[in-house]
Amino acid sequence: MSTTSATLFDKVWDAHVVRKIDDGPDVFFIDRHFIHEVTSPVAFLGLESRGLKVIFPEKTFATADHNTPTINQHLPVQDPLSANQLKALETNSAKYGISHWGLNNPKNGIVHVVGPENGITLPGMTIVCGDSHTSTHGAFGAIAFGIGTSEVEMVLSSQCIMQPKPKKMRLNVHGKLGKGITPKDVVLYIISKLTAAGATGYFVEFAGEVFENMSMEGRMTVCNMSIEMGARGGMIAPDETTFAYIKGRDKAPKGEAWDKALAYWKTLKTEPGATFDAEHNFQAADIEPMITYGTNPGMGMGITKHIPTARQIGGSKASYDKSLDYMGFHEDEAMLGKKVDYVFIGSCTNGRIEDFRAFASVVKGRKKADHITAWIVPGSHIVEQQIKEEGILDILTEAGFQLRQPGCSACLAMNDDKIPAGKYAVSTSNRNFEGRQGPGARTLLASPLVAAAAAVTGVVTDPRELI
Amino acid sequence: MAYDKFTVLTSSAVPMPIENVDTDQIIPARFLKATERKGFGDNLFRDWRFNSDNTPKQDFVLNNPIYSGKILVGGRNFGSGSSREHAAWAIYDYGFRCVVSSFFADIFKNNSLNIGILPVTVSPAFLDKIFKAIEADPNAQLEVNLPEQTITILATGEKESFDINGYKKHNMMNGYDDIDYLQSLKTEIQSFAAKSMY
Chain C
1 MSTTSATLFD KVWDAHVVRK IDDGPDVFFI DRHFIHEVTS PVAFLGLESR
51 GLKVIFPEKT FATADHNTPT INQHLPVQDP LSANQLKALE TNSAKYGISH
101 WGLNNPKNGI VHVVGPENGI TLPGMTIVCG DSHTSTHGAF GAIAFGIGTS
151 EVEMVLSSQC IMQPKPKKMR LNVHGKLGKG ITPKDVVLYI ISKLTAAGAT
201 GYFVEFAGEV FENMSMEGRM TVCNMSIEMG ARGGMIAPDE TTFAYIKGRD
251 KAPKGEAWDK ALAYWKTLKT EPGATFDAEH NFQAADIEPM ITYGTNPGMG
301 MGITKHIPTA RQIGGSKASY DKSLDYMGFH EDEAMLGKKV DYVFIGSCTN
351 GRIEDFRAFA SVVKGRKKAD HITAWIVPGS HIVEQQIKEE GILDILTEAG
401 FQLRQPGCSA CLAMNDDKIP AGKYAVSTSN RNFEGRQGPG ARTLLASPLV
451 AAAAAVTGVV TDPRELI
Chain E
1 MAYDKFTVLT SSAVPMPIEN VDTDQIIPAR FLKATERKGF GDNLFRDWRF
51 NSDNTPKQDF VLNNPIYSGK ILVGGRNFGS GSSREHAAWA IYDYGFRCVV
101 SSFFADIFKN NSLNIGILPV TVSPAFLDKI FKAIEADPNA QLEVNLPEQT
151 ITILATGEKE SFDINGYKKH NMMNGYDDID YLQSLKTEIQ SFAAKSMY
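Which chain is which? The protein sequence lines are C and E, in order. Sequence positions in the first sequence follow this note's numbering and run 1 to 467. Sequence positions in the second sequence follow this note's numbering and run 1 to 198.
Everything labelled a hint here was simulated from the structure, so no lab data went into it. Being a predicted model, the structure only gives us computed values, none of them experimental. Heads up, a few of these hints could be off.
Residues of chain C clear of chain E, computed beta-carbon distances all greater than 12 Å [to be verified]:
no., residue
1, K193
2, G233
3, D239
4, T309
5, K367
6, R436
7, Q437
Just the calculated beta-carbon pair ranges, DEER-fashion [what the hints assert, rightly or not]:
no., chain 1, residue 1, chain 2, residue 2, range
8, C, G315, E, Q58, 42 to 48 Å
9, E, T150, C, N72, 22 to 28 Å
10, C, D239, E, A136, 40 to 46 Å
11, E, S123, C, T309, 23 to 29 Å
12, C, G440, E, A136, 30 to 36 Å
13, E, E36, C, Q283, 47 to 53 Å
14, C, W258, E, Q183, 51 to 57 Å
15, E, Q58, C, P80, 29 to 35 Å
16, C, T309, E, N63, 42 to 48 Å
17, E, K57, C, W258, 57 to 63 Å
18, C, P80, E, K195, 20 to 26 Å
Partial selection, computed: residues in chain C whose CB lies under 10 Å from chain E [stated by the list, open to error]:
no., residue
19, A261
20, S361
21, G365
22, G438
We treat Cβ as the ideally placed atom computed from N, Cα and C, and that holds for glycine.
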């Protein structure tokens, strides 16, 4: 790959190939490995049964998030199975010399929130974790993607995985976003156009004015959802916004090391002569606040629109009908005004400080609708602290909301934060699959602004009417 | 973890003509709490397979005794969603060794290959033929031939080729996994790491 035709993705990928195998995958070196309690225990068992060690323990970071309660974290975890997984993470980390941020550690939080906020995630890195939303870290110009537990064992024992190089896709969004249009709307819009499998087999680069003007929090939201269009990951070229975010963070390079790193990071961009296997262009002006109506993230639409018909969507009508039936919706219905039961703000998609600022901007001076149950869950203790320091907690309390403690929470409902069967939740998380937020739960994915509008009105509401 | 070698599999198949079967359907998150890899097959497709009182849902295909076999045939975009290898474990543990679809999600496909399930991607037209063959005869036999890279509907003789990279094919046919291979490259990896800026 000559330097005049390399993409950002090529540059980072090619710098990490230890060995190429004919008619096979690349032996691919991993700079940072995050682990959590759910997808790592079997990998550690594997190491033990083979008698292997962790090759570079300083390149792996453990945090507890998937299973953790979001209230009373100072008490012992009630569910014995969850407690057992949390204990296993702690024991395995200690045994192999891996840094571990367990419950009640001030650095604890959702893996894809704590990595960036502590400066562990840096441009040009390769980053993996046994979690598909590892794509989040691509916001920094890193190649970051989710892996299975067998691969977790590979990284622990050899710092490498066997990975064929994916195809390349560029998604450009031109122009400027309108009032009330957030990064979540941008990515839900793209997924609704490409479908939930539209980028399968590709690694995506997000480019264009909209992403250049976006904050790091926003870029993380977008890259986080890359997997929801089927892409292994998504990335955005690092720029001054990226460098300003990283500088001074706990584990970021300092002094001379910073200068050296910065000089390298500035080379991490797609060259003008580079080509992609696929490329799509979108206009910011076409994007409204988005909401999903079905059971995969591709089933999303502008909040003022009507639910499309199976014929408009194409594909299997039986699958489409099954999905709407699960949701209790019909073709050609409006979403505005539909009653909502639960509101969830949080997750690795929208659990950062900017998301809570957005939520607070709508609920300020208003009251939570009486019938709404709201779960407000920061992505980390650092975010929780910021919420308190910035006065957001006061706004939330005044409006009748309570703040919970950090964790993955109702995004995947492994802990007690489960939406009851048949109930509707406007959720800032990433997946609206059947039962994702609890057996029978009905999820409407949306931005923090749409979630806030639903929380105060009790129904699906266009947030532009409230801001 | 070692798995059985895969060469030629001849079996009836279980049809699941649903698109976008995601990993939360294959194994819901609340069943991911084990610290060992066992028993995941019991909760395969848990919420499609069982009512909330744990009685079987009669209309779900895995509860229909006329369908059985080591091959699962799914609709387009099978395995989308989470990276949980538990989804592949549940399918393997239940007794499937091969999943056929017209399109697989990337991570699921990778996980399957790593644990000894062969994901076979066929054309939409051939997938339709398989569903029709099973509809005509629930015991219709499929032959999945890994050395030849073909899948055949034995009743009609209709056949299609499928792709797999040579490295993974060799591993599947011999029951090898990547960890042993990577261990053999340890010195090379260590010298690579020594040059890394991170």
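Hints, one by one, checked against the model:
{"no.": "1", "hint": "K193", "result": "holds (16 Å)"}
{"no.": "2", "hint": "G233", "result": "violated (10 Å)"}
{"no.": "3", "hint": "D239", "result": "holds (19 Å)"}
{"no.": "4", "hint": "T309", "result": "holds (16 Å)"}
{"no.": "5", "hint": "K367", "result": "holds (33 Å)"}
{"no.": "6", "hint": "R436", "result": "violated (5 Å)"}
{"no.": "7", "hint": "Q437", "result": "violated (9 Å)"}
{"no.": "8", "hint": "G315(C) x Q58(E): 42 to 48 Å", "result": "violated (27 Å)"}
{"no.": "9", "hint": "T150(E) x N72(C): 22 to 28 Å", "result": "violated (58 Å)"}
{"no.": "10", "hint": "D239(C) x A136(E): 40 to 46 Å", "result": "violated (59 Å)"}
{"no.": "11", "hint": "S123(E) x T309(C): 23 to 29 Å", "result": "holds (27 Å)"}
{"no.": "12", "hint": "G440(C) x A136(E): 30 to 36 Å", "result": "holds (35 Å)"}
{"no.": "13", "hint": "E36(E) x Q283(C): 47 to 53 Å", "result": "holds (51 Å)"}
{"no.": "14", "hint": "W258(C) x Q183(E): 51 to 57 Å", "result": "violated (36 Å)"}
{"no.": "15", "hint": "Q58(E) x P80(C): 29 to 35 Å", "result": "holds (33 Å)"}
{"no.": "16", "hint": "T309(C) x N63(E): 42 to 48 Å", "result": "violated (32 Å)"}
{"no.": "17", "hint": "K57(E) x W258(C): 57 to 63 Å", "result": "holds (59 Å)"}
{"no.": "18", "hint": "P80(C) x K195(E): 20 to 26 Å", "result": "violated (46 Å)"}
{"no.": "19", "hint": "A261", "result": "holds (7 Å)"}
{"no.": "20", "hint": "S361", "result": "violated (32 Å)"}
{"no.": "21", "hint": "G365", "result": "violated (37 Å)"}
{"no.": "22", "hint": "G438", "result": "holds (9 Å)"}
Hints 2, 6, 7, 8, 9, 10, 14, 16, 18, 20 and 21 from the earlier list are contradicted by this structure; the remaining hints agree with it.
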